[in-house]
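Reconstruct the complex from the two isolated chains, following the hints.
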Amino acid sequence: MDFTLTDEQRLLRDTLRDFVTREVSPEAGELDRRSEFPGRAVRRLAEMGLLGMAIPEAYGGAGLDAAGSAIAIEEIARGSAALAVTVSVTNAVCAGPIVRYGTEDQKGRYLPRLARGEILGGFSLTEPDSGSDAAHLRTRAIRDGDFYSLTGEKAWVTNVQVGHLFVVLAATNADQGARGLTAFLVERDFPGFSFAKIEDKMGLRSSLTGGLHLQDCRVPALNRLGEEGQGFKIAMSTLDAARIGIAAQSVGIARGALEEALAFAKQRKAFGQPISQFQAIQFMLADMATSIEAARVLVHRAAQLRDRKDVPFTREASMAKLFASEMVNRVAYQAVQIHGAYGYSREFPVERFARDARVTTIYEGTSEIQRLVIARKLLESVSTR
Amino acid sequence: MRLEPTPEQLAIRDMVRDFAAREIAPVAAHHDRTREFPIENVRKCAELNLMGVMVSEEHGGSGLDAVSYTLVIEELSRACASTGVIVSVNNSLFCHPVETFGSEEQKRRFLAPHARGEKIGCFCLSEPEAGSDAGNQQTTAFHEDGGYVLNGTKNFITNGVAADTALVFATTDRSKKHHGISAFLVEKGTAGFRFGKDEVKLGITCSGSVEMVFEDCRVPASNLLGEEGMGFKIAMNTLDGGRIGIAAQAVGIARACLEEATRYARQRKAFGRPIAEFQAIQFMLADMATEVDAARLLTHRAAWAKDQGGRFSLEAAQAKLFASEVAMRSAVKAVQIFGGYGYMNEYPVERYFRDAKITEIYEGTSEIQRLVIAANLLRD
Numbered sequence: 051m052d053f054t055l056t057d058e059q060r061l062l063r064d065t066l067r068d069f070v071t072r073e074v075s076p077e078a079g080e081l082d083r084r085s086e087f088p089g090r091a092v093r094r095l096a097e098m099g100l101l102g103m104a105i106p107e108a109y110g111g112a113g114l115d116a117a118g119s120a121i122a123i124e125e126i127a128r129g130s131a132a133l134a135v136t137v138s139v140t141n142a143v144c145a146g147p148i149v150r151y152g153t154e155d156q157k158g159r160y161l162p163r164l165a166r167g168e169i170l171g172g173f174s175l176t177e178p179d180s181g182s183d184a185a186h187l188r189t190r191a192i193r194d195g196d197f198y199s200l201t202g203e204k205a206w207v208t209n210v211q212v213g214h215l216f217v218v219l220a221a222t223n224a225d226q227g228a229r230g231l232t233a234f235l236v237e238r239d240f241p242g243f244s245f246a247k248i249e250d251k252m253g254l255r256s257s258l259t260g261g262l263h264l265q266d267c268r269v270p271a272l273n274r275l276g277e278e279g280q281g282f283k284i285a286m287s288t289l290d291a292a293r294i295g296i297a298a299q300s301v302g303i304a305r306g307a308l309e310e311a312l313a314f315a316k317q318r319k320a321f322g323q324p325i326s327q328f329q330a331i332q333f334m335l336a337d338m339a340t341s342i343e344a345a346r347v348l349v350h351r352a353a354q355l356r357d358r359k360d361v362p363f364t365r366e367a368s369m370a371k372l373f374a375s376e377m378v379n380r381v382a383y384q385a386v387q388i389h390g391a392y393g394y395s396r397e398f399p400v401e402r403f404a405r406d407a408r409v410t411t412i413y414e415g416t417s418e419i420q421r422l423v424i425a426r427k428l429l430e431s432v433s434t435r
Numbered sequence: 018m019r020l021e022p023t024p025e026q027l028a029i030r031d032m033v034r035d036f037a038a039r040e041i042a043p044v045a046a047h048h049d050r051t052r053e054f055p056i057e058n059v060r061k062c063a064e065l066n067l068m069g070v071m072v073s074e075e076h077g078g079s080g081l082d083a084v085s086y087t088l089v090i091e092e093l094s095r096a097c098a099s100t101g102v103i104v105s106v107n108n109s110l111f112c113h114p115v116e117t118f119g120s121e122e123q124k125r126r127f128l129a130p131h132a133r134g135e136k137i138g139c140f141c142l143s144e145p146e147a148g149s150d151a152g153n154q155q156t157t158a159f160h161e162d163g164g165y166v167l168n169g170t171k172n173f174i175t176n177g178v179a180a181d182t183a184l185v186f187a188t189t190d191r192s193k194k195h196h197g198i199s200a201f202l203v204e205k206g207t208a209g210f211r212f213g214k215d216e217v218k219l220g221i222t223c224s225g226s227v228e229m230v231f232e233d234c235r236v237p238a239s240n241l242l243g244e245e246g247m248g249f250k251i252a253m254n255t256l257d258g259g260r261i262g263i264a265a266q267a268v269g270i271a272r273a274c275l276e277e278a279t280r281y282a283r284q285r286k287a288f289g290r291p292i293a294e295f296q297a298i299q300f301m302l303a304d305m306a307t308e309v310d311a312a313r314l315l316t317h318r319a320a321w322a323k324d325q326g327g328r329f330s331l332e333a334a335q336a337k338l339f340a341s342e343v344a345m346r347s348a349v350k351a352v353q354i355f356g357g358y359g360y361m362n363e364y365p366v367e368r369y370f371r372d373a374k375i376t377e378i379y380e381g382t383s384e385i386q387r388l389v390i391a392a393n394l395l396r397d
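Protein chains in written order, with my numbering: chain A, 51 to 435; chain B, 18 to 397.
Keep in mind that the hints were calculated from the coordinates and are not lab data. Check the hints yourself; a few may be wrong.
[Unchecked claim] Lysine to aspartate or glutamate pairs mimicking EDC-like chemistry, simulated, CA-CA at most 20 angstroms apart:
#1 B/LYS205 with B/GLU122
#2 A/LYS247 with A/GLU237
#3 B/LYS124 with B/ASP181
#4 B/LYS286 with B/GLU276
#5 B/LYS286 with A/GLU430
#6 A/LYS316 with B/ASP397
#7 B/LYS374 with B/GLU384
#8 A/LYS319 with B/ASP397
#9 B/LYS218 with B/GLU377
#10 B/LYS214 with B/ASP233
#11 B/LYS124 with B/GLU75
#12 A/LYS316 with A/GLU401
#13 B/LYS286 with B/GLU363
#14 B/LYS250 with B/GLU116
#15 A/LYS427 with B/GLU277
#16 B/LYS194 with B/GLU245
#17 B/LYS136 with B/GLU53
#18 A/LYS427 with B/GLU294
#19 A/LYS157 with A/ASP239
#20 A/LYS427 with B/GLU276
#21 A/LYS359 with B/GLU21
[Said to hold, decoys possible] To be clear about the criterion: a stretch of chain A counts as covered by chain B if any three or more of its residues have a C-beta under 8 angstroms from a C-beta of chain B, and this derived list gives those stretches:
#22 51-62
#23 321-334
#24 366-375
[Said to hold, decoys possible] Every beta carbon over 12 angstroms from chain A, so not counted as near; a handful from chain B, in silico:
#25 ARG52
#26 GLU64
#27 ASP150
#28 GLY152
#29 GLN155
#30 THR157
#31 THR170
#32 ASN172
#33 LYS194
#34 ASP215
#35 VAL217
#36 PRO237
#37 ALA238
#38 GLY357
#39 ASN362
Glycine included, C-beta positions come from ideal geometry on N, C-alpha and C.
Only chain B is shown next, with the shape it has when bound in the complex (with noise of 0.2 angstroms):
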């Protein structure tokens, strides 16, 4: 047992937070603000590796282990939670099933590229009629001379106004549900592909969310990912690591309420002292303190058993839905902690209050976490 990272792992979390500290947080409130992707920050990060942290060297990335990957995205979030999400998406929900389930050729293709961060991707599963019931899939994909062609509209897309290339499932065949969906791999300027309406968020703002259409949009077959009727599993399988990122997400969320409601404490003065130094806001600062790291424990906990090579839906499921709450809990803290200030955008945390939201929604609602380890529970 030893439950702190190791010297390496620390050394890349160090570099990533002295890169957030300099050339991600002084923008994030700019981004905000103008809801502008942005993509310079993509760019940055991918100077430094970060677009394919756990994509071998072979196909372009960094070949690190899903520990790494986890303290990145936490110190990314930390100074801007639209970046942590826009990183997390590339690497766990696009590259990850590329690499997993993708031919050498797609590999070449599209995962290289990716992993680099020459491009960005995305992950279409949500539709406006198929969210947690994620087999309920709308869309559809037709055979058509070799290829499939494909109708339907998905939403909620992250990355999506900036992407590259988009990782879409579509139902092959109706009548075998779950089992008759399949995934593809289908590029920007594909004709029948277009942007449908641009999503405007409560937090997140500049995570580039947009609804996605498709019109007899014809995508070769080469474009298949994994086989006909593996959809799903691919998206639940890319959803158990994903959960592990929006984990470690929240965690930077966290990790930023309770470090400028701490900072912000010690310098407000009250009745003729520092707020600091009275209970009600003490026992706040605790409270938030001891769930950040409870649920960065968890997140590491579940990035190690992935790590391992072994199942890590429960542990991932619990992470995530820990994670998550503590975000929300700490960023309902925070506010409070700033008084009047905190519901100013002057201040920070007016938007990690918002931003932290989304974590309890996105790549698997808590009540989704709840039934995926009340079956974990209740199979034993």
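Chain A with its partners taken away, still in its complex shape (with noise of 0.2 angstroms):
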């Protein structure tokens, strides 16, 4: 039992806090406020070897594992939520797709372009009707030759406008339910396709959100990622690892939040001393610090079970997910708390905080999806742990 970090991962640690003190934090109110993509940071990291975080070094990115992915995703989120899903984006659900079901001819052709930043991904499951009930989807992918034609409304897609390739979920066989649905790599410069209205949110608003507009889409067949039918296994075991950075991302936020409130408790004065002093402030503090650490150690668990390989880790992706998420939220709302009035206002960053904090219970698999996959996964065990 280890509960160390390796010098890799603290050199990692260590090198994006600094980046994220000096260069994410100080910009991120004001991107907020102008709903404004934080482009200059994205290239940053790219510069840094870091966009791409967990391509493999041969295709020209970073190659961490998910404990190092989960770290790295934790210090961005700690200044920015939406720099953070930006970045988990593109790494979880459209790279690391490609990298497990991908051909050398897909992995080549873009790999390399997504690790040195030149463009930017995402992943396109969810539809205006079809959320969590993820198997019923209407976008259809009729074959033509050596093409695919992709006709269908896709929502709540994250990187959009500013992306340029799209993992994209369509049925081949409407018939055939959830084993009918197959996987694409869409460009955005193929015929047929479109970006929809973005989206005016609650939180991560320098996040691009919103819509894709397939009609007749021409996708090459050689952009058809697995096999016919594959589809909702990919998008599944996708999720299972994004669900640990979407973790991860809430455990950083949390932070951002606790930190913001310690030292506003220190120099804010109330009935002549400061308010850290009260036990009611003190009590708050102390909740926020333990359900920081219990999510983070229920992330690394998670992201160390994923590295193994040859090991399960959907229950507790999803329990990472599930805590870390609802924590968030809590913590996010103690912070304001301790901030009373100035929390409510944008002049401090809590209240970002607690409008990005909102959306981890949501997406990526709701909390009520997390639930029903630990409890599935606990009910089917014949002995529980």
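In structure tokens:
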């Protein structure tokens, strides 16, 4: 048993912590207010070789394992949850399935460009009428010689407008439900592809989210990811991995909120003393810190299991995602409470943290879906651990 | 980073898991009802060398690490929370301070027989008027004839009725407050040392809690543990480690709640199907399972930090706070899943519910843990 980070992991953490403090946190509030994409920070991460953090080194990425990625995403989210999700999506749900299911041709065409930051990626499963119930997609893909023709509406896609490549799930056989889904690598320049409107969101305002409009979109058969009918499996295994990233993002936001709350509580005075001297405030801080640690160990456990590659980690990823996302909502709320009226104003970052936290219990599998996954695994096992 | 226990640690866990299922669980309800101290459980634990898990082999212990210790306490508590705390008190609150602060002679006289489980130890800090505010000790120890004379009352003393040796805290110099407290090893049968009232409790009913009264109780100077005035430091150091044991006990209780509730939900039918098929039940089970895992990981993290030899007060407080509250929440949910049966002592969850509550109170209440954690945060 060993709870310490390796030297490499510590170096990664310290490098990113420093970068985030100097370059990400100072601009995050303004970008949020303007709903502006953090393009400069994305380019800086690419220069540092960390934009494609989970892409294998052979394809120009940093080759981080899941534990390393979790550490990195936590650090980035401490300054900007929007930047963290941009990076997490590019790596975990766009590059990730290409690494695992792509042909050599597909890897060679896309992974180096994603790693260098020439292109950003996204993942598109959700539709206006199909979120948690992901097996029932309306988007259709019809084979036409060396091409597939995709038609349908996709919703809530991260990295729209700025993204060039999207892993899109569509039904190649509508009668077979989940078994009739297939994954495609769709470029924004393919005929019949367009972006729908950008969503006006509560939080993660500088991450761009919106719909994809596919009208007889011509996708070369060479861009089919995996086999026909393998799409649902690809999507679910991708989400298992991505959930660890969202859990890490949650821990990072919570840490940002705790650090702000601590700093504020030490300097804000009431009734003649810093409010950090009052038990009411101390107890909130203690609960925040404890639940952050609990979430982080769940995240690291899930990541480390995934890195073993020979054991299932679905249940542990769901536990990490469920706990961390629920945790960050409580922690961000408490950070606002400690700030009082200042916490409700955009002058202090906790207002942004509270808005950013909200989506973590929703995307990449709602808390309700995580509980279903965990309960299913629990009830499947003969003797519970 | 490697968060799983080692194969050696897992082997100890599995051994204790089998033992607890075979020997401890079947008698747990009986002892809960009768409130009889389970002395035969202690004897059996002694045969497996579980009474001095972390004590060096030289002094009669098993010489294992703190992580292994948490696995032992979790498994025992899964079967019987009273047995869990009985073993935990002998290990953490008696053997640990004697090994850490005792003279060679004290280790020979007191440590080895307790580590081997031939004798049972207890820890006497709480008083009727001094719980969380442990520095406010009213029990006094005055010098007389080269020894000490103790006067005062201690209460809520786990293992008290069965204890052969008590580690007793008393003030040798009230003017120095915390720094005037000293620790003494007092043997059963010492004149002026008697039991006060039996403590009838909500849960962990058979852990032998009792009030202890000291009336002109003479203790030789050779029974002073550490130096005069070191008592508060000894108590706080001891409780840091004790909290890891209680966190492990809480994880054991929470796991018992989860496992029994899962088993029941699979077989109990309502509206034509097992209640495990309803989302309302599934979600309770999922939340319990997630929190149990988080609590166990925090407990292992604290034990691991202790094993590294540095400071671990923060980690221990976080583990104890989180795990104890998880035990209570899990117990509430388990009773709810059992419905009316959960309220009956025919099923064990009723006992788990009563047992869980104490974990939020003893060896530092949740409120004390939060103060410890906040002090650590604000110090940085």
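Need the list of violated hint numbers for this structure, in ascending order.
none
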